[in-house]
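Given chain A's structure and the hints, the job is docking chain B onto it.
The listed protein sequences derive, respectively, from chains A and B. Note that my numbering has the first sequence beginning at 7, numbered continuously upward. Note that my numbering has the second sequence beginning at 45, numbered continuously upward.
Treat the hints loosely; a few may be bogus.
[Unchecked claim] Computed list of lysine to aspartate or glutamate pairs in EDC-like fashion (alpha-carbon distance at most 16 Å, straight line): (1) A:K78 / A:D106; (2) B:K66 / A:D21; (3) B:K66 / B:D81; (4) A:K78 / B:E157; (5) A:K78 / B:D161.
[Stated by the list, open to error] Over 10 Å on every C-beta distance to chain A, these chain B residues come out as not near it, computed from the model: (6) V118; (7) P121; (8) D143; (9) S171.
It is worth saying that the hints were derived from the structure and are not from the lab. As the structure is a prediction and not an experimental result, all values here were calculated from the model. Each residue gets a CB set at the ideal place from its N, CA and C atoms; glycine is no exception.
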Amino acid sequence: MSQTGPGFGFAPEADAPVPYMQRIRDYYLALGYATPYRWAHYAEVPFRALTRPLAECRVALITTAAPYQPDKGDQGPGAPYNGAAKFYRVYSGDSRIDHDVRISHLGIDRAHTTAEDSNSWFPLPQLRRCAAAARIGEVVPRFHGAPTNRSHRTTLDQDCPELLARCRADGADAALLVAN
Amino acid sequence: MSLAARHLEENGIATVVMGCAKDIVEFVGVPRFLFSDFPLGNAAGRPRDPQSQAITMELALRLLEAAPAARTTVQSPLRWSEDPSWKLDYSNIERLSPDEIRRRRKEFDRQKEVARDVRDQSAAARSS
Numbered sequence: 007m008s009q010t011g012p013g014f015g016f017a018p019e020a021d022a023p024v025p026y027m028q029r030i031r032d033y034y035l036a037l038g039y040a041t042p043y044r045w046a047h048y049a050e051v052p053f054r055a056l057t058r059p060l061a062e063c064r065v066a067l068i069t070t071a072a073p074y075q076p077d078k079g080d081q082g083p084g085a086p087y088n089g090a091a092k093f094y095r096v097y098s099g100d101s102r103i104d105h106d107v108r109i110s111h112l113g114i115d116r117a118h119t120t121a122e123d124s125n126s127w128f129p130l131p132q133l134r135r136c137a138a139a140a141r142i143g144e145v146v147p148r149f150h151g152a153p154t155n156r157s158h159r160t161t162l163d164q165d166c167p168e169l170l171a172r173c174r175a176d177g178a179d180a181a182l183l184v185a186n
Numbered sequence: 045m046s047l048a049a050r051h052l053e054e055n056g057i058a059t060v061v062m063g064c065a066k067d068i069v070e071f072v073g074v075p076r077f078l079f080s081d082f083p084l085g086n087a088a089g090r091p092r093d094p095q096s097q098a099i100t101m102e103l104a105l106r107l108l109e110a111a112p113a114a115r116t117t118v119q120s121p122l123r124w125s126e127d128p129s130w131k132l133d134y135s136n137i138e139r140l141s142p143d144e145i146r147r148r149r150k151e152f153d154r155q156k157e158v159a160r161d162v163r164d165q166s167a168a169a170r171s172s
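Chain A on its own, in the form it takes in the complex (with noise of 0.2 Å):
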């Protein structure tokens, strides 16, 4: 018997995580990119427990969705890939309603899902019925989109700040982020 084969109860070998890293350099590399994207990394990582019970907390929410724009094409379910529909500042919205926010500017997996459900990328509406059920003490008044930059400079110097600042400036004791 192969030490793949039945009995062993393996899952097949590409049933991994994506290796995104090694895909997005060979990818661009192979469109003609010679400088590879330089991923942020840092051998140190800040820590900071909750001081407080989660029932108590104040929590942010931030994304990396863009508010739906009418006048900038096609953004989905199912669009393409739309770098018009991009934004370059930190903006926020009124938690305790619902928002019509996209990620067709995002490099989402277009092969296997369509952004047909913004539940599946913002969890706005799911974190306020955790408020609503005590599991967290309440959502800050506003959640805020983060800009996705592809310049790191831009990132730490302009918008990790303002993120900081607009959560603090609501008291927020802990956020959840979601990527895209």
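The following block gives chain B in isolation, referenced to the frame of chain A:
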């Protein structure tokens, strides 16, 4: 997103990143990471599946409460599909014809121009 999580955490706000790109988020290095092994774009759960979305949120909250140290990753037990072959497609150069690669290069350059215009407009609006 990972950089924002780090910055908030450094300044006293506990964070959890929800995402589908395990290697990238872990390479950057974040305090807490809920990994869903789903196609990119579904970090908060499966579309049209409120139960999957509720489970995903609950896992993120539990991680927020209980992570013992930085770089704690929890992988959601939810599976996108019993067939894992979807994982072979994303940006996989081995699956693209030379014609398709040329088409994508052209499209990428076009989209870069479009995005640059949006960025320049945003910068102009800020400085005016």
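Okay, the hints, checked on the actual structure:
no. : hint           : verdict
1   : A:K78 / A:D106 : 14 Å, holds
2   : B:K66 / A:D21  : 13 Å, holds
3   : B:K66 / B:D81  : 8 Å, holds
4   : A:K78 / B:E157 : 14 Å, holds
5   : A:K78 / B:D161 : 12 Å, holds
6   : V118           : 13 Å, holds
7   : P121           : 14 Å, holds
8   : D143           : 13 Å, holds
9   : S171           : 12 Å, holds
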